[in-house]
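J.: Chain by chain, the residues:
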Amino acid sequence: MKILVSVKRVVDYNVKVRVKSDGSGVDIANVKMSMNPFDEIAVEEAVRLKEKGVVTEVIAVSCGVAQCQETLRTAMAIGADRGILVETNEELQPLAVAKLLKALIEKEQPGLVILGKQAIDDDCNQTGQMLAALADLPQATFASKVEIAGDKVNVTREVDGGLETLALNIPAVITTDLRLNEPRYVTLPNIMKAKKKQLDTFKPEELGVDVAPRIKTLKVSEPPKRGAGVKVPDAATLIDKLKNEAKVI
Amino acid sequence: MTALVIADHDNASIKSATLNTVTAAKACVGDVHVLVAGENAAAAAAAAAQIAGVAKVIHADGASLKHGLAENIAAQVLAIAGNYSHILFPATAGGKNVAPRVAAKLDVAQISDITKVDGPDTFERPIYAGNAIATVQSGDATKVITVRGTGFDAASATGGAAAVETVAAVADSGKSSFVGSEIVKSDRPELTAAKIIVSGGRALGSEEKFKEVITPLADKLGAAIGASRAAVDAGYAPNDLQVGQTGKIVAPQLYIACGISGAIQHLAGMKDSKVIVAINKDPEAPIFSVADYGLEADLFAAVPEMTAII
Chain B
1 MKILVSVKRV VDYNVKVRVK SDGSGVDIAN VKMSMNPFDE IAVEEAVRLK EKGVVTEVIA
61 VSCGVAQCQE TLRTAMAIGA DRGILVETNE ELQPLAVAKL LKALIEKEQP GLVILGKQAI
121 DDDCNQTGQM LAALADLPQA TFASKVEIAG DKVNVTREVD GGLETLALNI PAVITTDLRL
181 NEPRYVTLPN IMKAKKKQLD TFKPEELGVD VAPRIKTLKV SEPPKRGAGV KVPDAATLID
241 KLKNEAKVI
Chain C
250 MTALVIADHD NASIKSATLN TVTAAKACVG DVHVLVAGEN AAAAAAAAAQ IAGVAKVIHA
310 DGASLKHGLA ENIAAQVLAI AGNYSHILFP ATAGGKNVAP RVAAKLDVAQ ISDITKVDGP
370 DTFERPIYAG NAIATVQSGD ATKVITVRGT GFDAASATGG AAAVETVAAV ADSGKSSFVG
430 SEIVKSDRPE LTAAKIIVSG GRALGSEEKF KEVITPLADK LGAAIGASRA AVDAGYAPND
490 LQVGQTGKIV APQLYIACGI SGAIQHLAGM KDSKVIVAIN KDPEAPIFSV ADYGLEADLF
550 AAVPEMTAII
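Chains B and C are the protein sequences, given in the same order. According to the working numbering, the stretch in the first sequence is residues 1 to 249, in order. According to the working numbering, the stretch in the second sequence is residues 250 to 559, in order.
In short, the hints are calculated from the structure, not lab data. None of the values given here were measured: they were computed from a predicted structure. Yeah, the Cβ is synthetic: ideal placement off N, Cα and C, and Gly gets one too. Hints are all accurate, no fakes.
If we take Cβ atoms under 7 Å as the criterion, some of the chain C residues that face chain B in the derived model are: (1) Thr341; (2) Arg350; (3) Gln359; (4) Ile376; (5) Val385; (6) Ser387; (7) Ser430; (8) Ile432; (9) Asn488; (10) Asp489; (11) Val539; (12) Glu554.
Produce the entire structure from the sequences given, and follow the hints as far as they go.
T.: As structure tokens, then:
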């Protein structure tokens, strides 16, 4: 069984982005870019399933600009066997990415597709569910445990108030939550090895997908700033302020 | 033009996030219908009919809808989607799970986590963990939306008298099934609906200390308990208490952060709280930059002292 994992190149999670003064977006020129943290968890999970012997091949996919190759090399350094880049300079929204991934599912026929639950740039949390719908596959989002059992996969999910477990028929789509695993550090030898792994490139047109954005960003602005607060000397003063000044207790 | 709100419910009652979603729906268009899809959910449907401003409740009842499986709930929504210009889900675990399936099947984009409605097709939503606010316009015929509860006031749970229309439940997809769940039963208010939240960070040091220090203060205040990602990752608190970009987004009247340094991912989840209190030993902790009241102190002394005084 093959696994397809999708990886997105995003602004590194440690970078505090700045809104451009003309309101056209956030300034990402010269900032550090990394693999979306949830996608790293997805790659790690796929590689672990391969190491357990239940999966034969892990294919990493990234959609976007040419530099997404670096993200794919990182996925291959973690242990993905090969990479596919769907290259375009067009702004890609989740629906378009889901359509691209669906076209690749038809080509590669994976048993599982694992994606991060959300990307930390647009915070959409859509692509996995959209892919599952378009491909008519069952889905388990926000996974904290994945176990393959014959022709089914049991997935424990993080839901409001606790956990729930679903059994999905394979093929299926899974999106990862934070606590599914802790991704390994990539080692230099594995980075070197990853450079030699196969990486194929397609254009969206070759996959027959129209990626034109459906949502227009009119402007991007700074969130409202909170006014500076005060420091209080002790717990008693704090309680007094909360009772008599803020009146919240 | 009519908006459809997909209720978040437990078959017996409506979850509060539904009320905020109704308010967002009313800001989009005048008429609001609510779909209650569940099993033996007549009580939830009756509660939905009481929500002020709801014109009609559509109640679908059947075994296929019992556990809220995304495949079946999405099919139920799609069965009636043609009647609506806007389809809104609360941005809860359930809503986030189902909404994109509906959008994809309708071949429309989804607008996630809106915090403001600027017009029937124009919305504001946070991006980059709330470090920027995007104003976006949808060109699609149907707007599929998830609503961040903290951005909208709750509609009144009473005062409405909507008619309840029953529709047939969809058949089970046969592709997924519910195995079991571990839902923590608690008398505390829900994290996303609580008026006061006491939240603990890595400085607590252990699960025992987390309980010993945080719980009594929360009990005294009738508060919900939250945690930073660091505290959850360290095993001091369960996953579903995590407040932040990828956990719960909260905006209570009072948020008390104990031993939380204030990573941007955490601030993203709580900076819209009305009053923020930070208790931290480190004067340089970023949490102080968003706090209305900062107490630079050892939390192991300060928090029990607060508990004693209140």
